[in-house]
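Trainee: Protein chains in written order, with full-length UniProt numbering: chain U, 1 to 444; chain F, 1 to 444.
Be careful, since some hints might not be right.
Since the list gives no way to pick out one identical chain from another, each pair is judged satisfied if it fits inside one copy or across any two copies.
To be verified - Here are the simulated DSS-like cross-link-like pairs (lysine-lysine), alpha carbons at most 25 Å apart as the crow flies:
id	residue 1	residue 2
1	347	155
2	414	426
3	424	414
4	155	426
5	155	414
6	414	347
7	424	155
8	424	347
Bear in mind the hints are in silico, worked out from the structure with no lab data behind them. Just so we're clear, the structure is a prediction, and the values are computed from it rather than from any experiment.
2 protein chains.
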Amino acid sequence: MASTAAPLTIGLLGAGSVGSQVARTLVEERELISSRVGAPVRLAGVAVRDVEAPRDWRIPGELLTTDAEALVDQVDVVVELLGGLEPAASLIERALRRGAGVVTGNKALLATRGAELAAIAAEADVPLHYEAAVGGAIPILRPIQESLSGDRITKVMGIVNGTTNYILDQMDTTGAAFDDALHEAQRLGYAEADPTADVEGHDAAAKAAILGTLGFHAPFTIDDVHCEGITQVTSSDIEAAAASGYVIKLLAIAERFDGEGAVLRVHPTLLPRTHPLASVRGAFNAVFVVAENAGELMFYGQGAGGLPTSSAVLGDLVSAARSVRTAGAPAELSATDTTMTALPITKATTRYYVDLEVADREGVIAEIARVFADHHVSIEAMRQPGSVSADGEVDTDQDSGAIVQIVTHQAREKALADTVETLKEKEVVRAVSSVLRVEIDQQS
Amino acid sequence: MASTAAPLTIGLLGAGSVGSQVARTLVEERELISSRVGAPVRLAGVAVRDVEAPRDWRIPGELLTTDAEALVDQVDVVVELLGGLEPAASLIERALRRGAGVVTGNKALLATRGAELAAIAAEADVPLHYEAAVGGAIPILRPIQESLSGDRITKVMGIVNGTTNYILDQMDTTGAAFDDALHEAQRLGYAEADPTADVEGHDAAAKAAILGTLGFHAPFTIDDVHCEGITQVTSSDIEAAAASGYVIKLLAIAERFDGEGAVLRVHPTLLPRTHPLASVRGAFNAVFVVAENAGELMFYGQGAGGLPTSSAVLGDLVSAARSVRTAGAPAELSATDTTMTALPITKATTRYYVDLEVADREGVIAEIARVFADHHVSIEAMRQPGSVSADGEVDTDQDSGAIVQIVTHQAREKALADTVETLKEKEVVRAVSSVLRVEIDQQS
Chain U
1 MASTAAPLTI
11 GLLGAGSVGS
21 QVARTLVEER
31 ELISSRVGAP
41 VRLAGVAVRD
51 VEAPRDWRIP
61 GELLTTDAEA
71 LVDQVDVVVE
81 LLGGLEPAAS
91 LIERALRRGA
101 GVVTGNKALL
111 ATRGAELAAI
121 AAEADVPLHY
131 EAAVGGAIPI
141 LRPIQESLSG
151 DRITKVMGIV
161 NGTTNYILDQ
171 MDTTGAAFDD
181 ALHEAQRLGY
191 AEADPTADVE
201 GHDAAAKAAI
211 LGTLGFHAPF
221 TIDDVHCEGI
231 TQVTSSDIEA
241 AAASGYVIKL
251 LAIAERFDGE
261 GAVLRVHPTL
271 LPRTHPLASV
281 RGAFNAVFVV
291 AENAGELMFY
301 GQGAGGLPTS
311 SAVLGDLVSA
321 ARSVRTAGAP
331 AELSATDTTM
341 TALPITKATT
351 RYYVDLEVAD
361 REGVIAEIAR
371 VFADHHVSIE
381 AMRQPGSVSA
391 DGEVDTDQDS
401 GAIVQIVTHQ
411 AREKALADTV
421 ETLKEKEVVR
431 AVSSVLRVEI
441 DQQS
Chain F
1 MASTAAPLTI
11 GLLGAGSVGS
21 QVARTLVEER
31 ELISSRVGAP
41 VRLAGVAVRD
51 VEAPRDWRIP
61 GELLTTDAEA
71 LVDQVDVVVE
81 LLGGLEPAAS
91 LIERALRRGA
101 GVVTGNKALL
111 ATRGAELAAI
121 AAEADVPLHY
131 EAAVGGAIPI
141 LRPIQESLSG
151 DRITKVMGIV
161 NGTTNYILDQ
171 MDTTGAAFDD
181 ALHEAQRLGY
191 AEADPTADVE
201 GHDAAAKAAI
211 LGTLGFHAPF
221 TIDDVHCEGI
231 TQVTSSDIEA
241 AAASGYVIKL
251 LAIAERFDGE
261 GAVLRVHPTL
271 LPRTHPLASV
281 RGAFNAVFVV
291 AENAGELMFY
301 GQGAGGLPTS
311 SAVLGDLVSA
321 ARSVRTAGAP
331 AELSATDTTM
341 TALPITKATT
351 RYYVDLEVAD
361 REGVIAEIAR
371 VFADHHVSIE
381 AMRQPGSVSA
391 DGEVDTDQDS
401 GAIVQIVTHQ
411 AREKALADTV
421 ETLKEKEVVR
431 AVSSVLRVEI
441 DQQS
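Based on the sequences and whatever the hints tell you, model everything.
Mentor: Below you can see the structure in the form of structure tokens.
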């Protein structure tokens, strides 16, 4: 992958919750981002309205400026995180026309003037990326545009607004009324002081327009979207839906009707609790895609928040920087972290599930627990479901051996393996029936 | 997006279940693929061992050849679907060195000589794509390589082998023994006559090496993967796991240990039934990714099969063709299907949930059902959960009105809306308490 040594400059417009995290990563992880681009990158400046305003991450004073145009005119890639139509649109157009790559997360702008900006980018032959505009950290726009570019998408259906999903989830799980759930969301920072754009469905409608445009390769705008919010959803609606096995979600739906066109709609929707989207809880987002060849696909992850969303912005930034500087070919299977080595399984940390047949006598449990303790492996759960006769069949007659099932906490594979070896040597242990590894969800 | 008029030629190596579908799409959907590439494409030939062999789709005789090298030497993009190390490796290298883009789904080759081939592609500055190598139709490698290129992945954990997932799922749901579940899988075509590569975990191990290589930007091979298959998993293991709230899945895991390296492993794993991967059933695949900024992400879809997998191959083909012919910039928000128009919501087909308060008298249900029938809207379910007093509170005292809840089958939104309007005019209908749309999983 060809690359030059001169640093590639980045201009950041806006330093809100997402912008602050993008700035932090570009400063603290400059080496990482440079290695991913294949050329050194440098954050040249951050344009803000007020240089004194408090931020999630303290941006070095020398990087801050109030002159966005001057910044746009001097960098290789512009990252627009101002939101709203203006001055965002003018600054993006200015950047594209002078040949700078642009990364934006501005869904309102894309759902209004996206086709126009894309045409300007195509004419200037520079990248315009906006993965962060839909689904926060979830890679969804690039897969739709590129991975599925050889297929025909028939339907896209997504939970793309975390605020409304949190509110509906609260109403469903706690029986709360809409107003109470909304206030709770505001208290936790999931909803803004003026929640209109979220609860009336406008935010989801902008995303529906973008998903429909990319999914069906036709330029739709937010005006093409039929939009109903969740303010009319009552707790009795949710109760009645639950009674019939449904959950109510605010969905952004883009559906193709062959030979006719597409319908784009946002509205509260009943989903069977068995549907993959039904179990998407709280502030998480998920997008369900149906394509003629691929069939059903689902993409799931964190739909909002400065840190998660910055991941999507930085991924776009790396892509844009690569195509500004190189042929745009990703490094693929060629290594860039040459220090990374493969470790033996003994170095892994995991949990074990151990199923033992032991002599059914006093003190056995203590003796077994001691073996784990000696190897510094802590036990999460220990069960004695029944007992076994000599032929290994479970029975309830206590004059035969007992079964003991143990699940450990995280420990090094080596310690776990050594524990099992010691158990096998114990006279009270008749057999180690099975040893299996356990993975627990990161969040639990 | 710049493009020339001369057709871009495609050479297909192999015409098995995936290759046949790729050939079919390139012939039957030539216009679609060409519009996605931004230049006309033409399938120049299909290299096979036996031109007479029966295939899922009858490839025109004039396209078939047994001379793979001659085909490779005359096309712009080579699609390798032969599988195995040779002659696949030599043919891919030959294509790359003469400047042709290459698309392959050959996980065994990539997990053995991937870094070497990627280096040749980078040196020749031509694309080498292989989305189909992991997760079938699921876009997972491109998101890891590109969407997450500005983040640091810490763990990748996937159900990447449909055969073993089907077998374990059968054992879990029907209590079947391993051998019986395997034979059922073979009968249904989910498992091959010689199931070794699947049940011993070799297929998953190759995918673990590819996921680890892309996720951690370091060149791992299948030899770096600790591999245990599912042949030792017994129905009593699965019973015991279930009793403790776990399900057993064969997972391909790549985990980073900062400052040390990475552990790549494939083995039967206990997962809490609440884990997002636990509900991935049958032949479906899913990959769970954890990154420092993005947090938890999950990608879900069909992991095997000729048709779904061809979607991933064709997506790579479009990308490779774009970068051979253009700057590689995707069309993004600029339209290519200019005929596609936005339709009003009345054109949508959906289902309705209607909650009515009606007079509690004889014949009322029949009268309401008649209204739906008159508008050609068929009723899927009708419930009468209780009755309501004048203040709308549910009570059980039958001298007040009754509640009727109806869920319809799919119908045009217009017919559904008209039905509701007519219901409102009915004297027996006291109130239409709520009208909500319903979406059902495509598969149900």
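Trainee: Would you mind marking each hint as holding or not holding in the structure?
Mentor: Each hint tested on the structure:
no.: 1; hint: 347 - 155; result: between (45 Å within a copy, 15 Å between copies)
no.: 2; hint: 414 - 426; result: within (19 Å within a copy, 74 Å between copies)
no.: 3; hint: 424 - 414; result: within (15 Å within a copy, 71 Å between copies)
no.: 4; hint: 155 - 426; result: neither (60 Å within a copy, 36 Å between copies)
no.: 5; hint: 155 - 414; result: between (48 Å within a copy, 20 Å between copies)
no.: 6; hint: 414 - 347; result: within (7 Å within a copy, 62 Å between copies)
no.: 7; hint: 424 - 155; result: neither (56 Å within a copy, 32 Å between copies)
no.: 8; hint: 424 - 347; result: within (22 Å within a copy, 69 Å between copies)
The structure does not agree with the numbered hints 4 and 7 stated previously, though it agrees with the rest.
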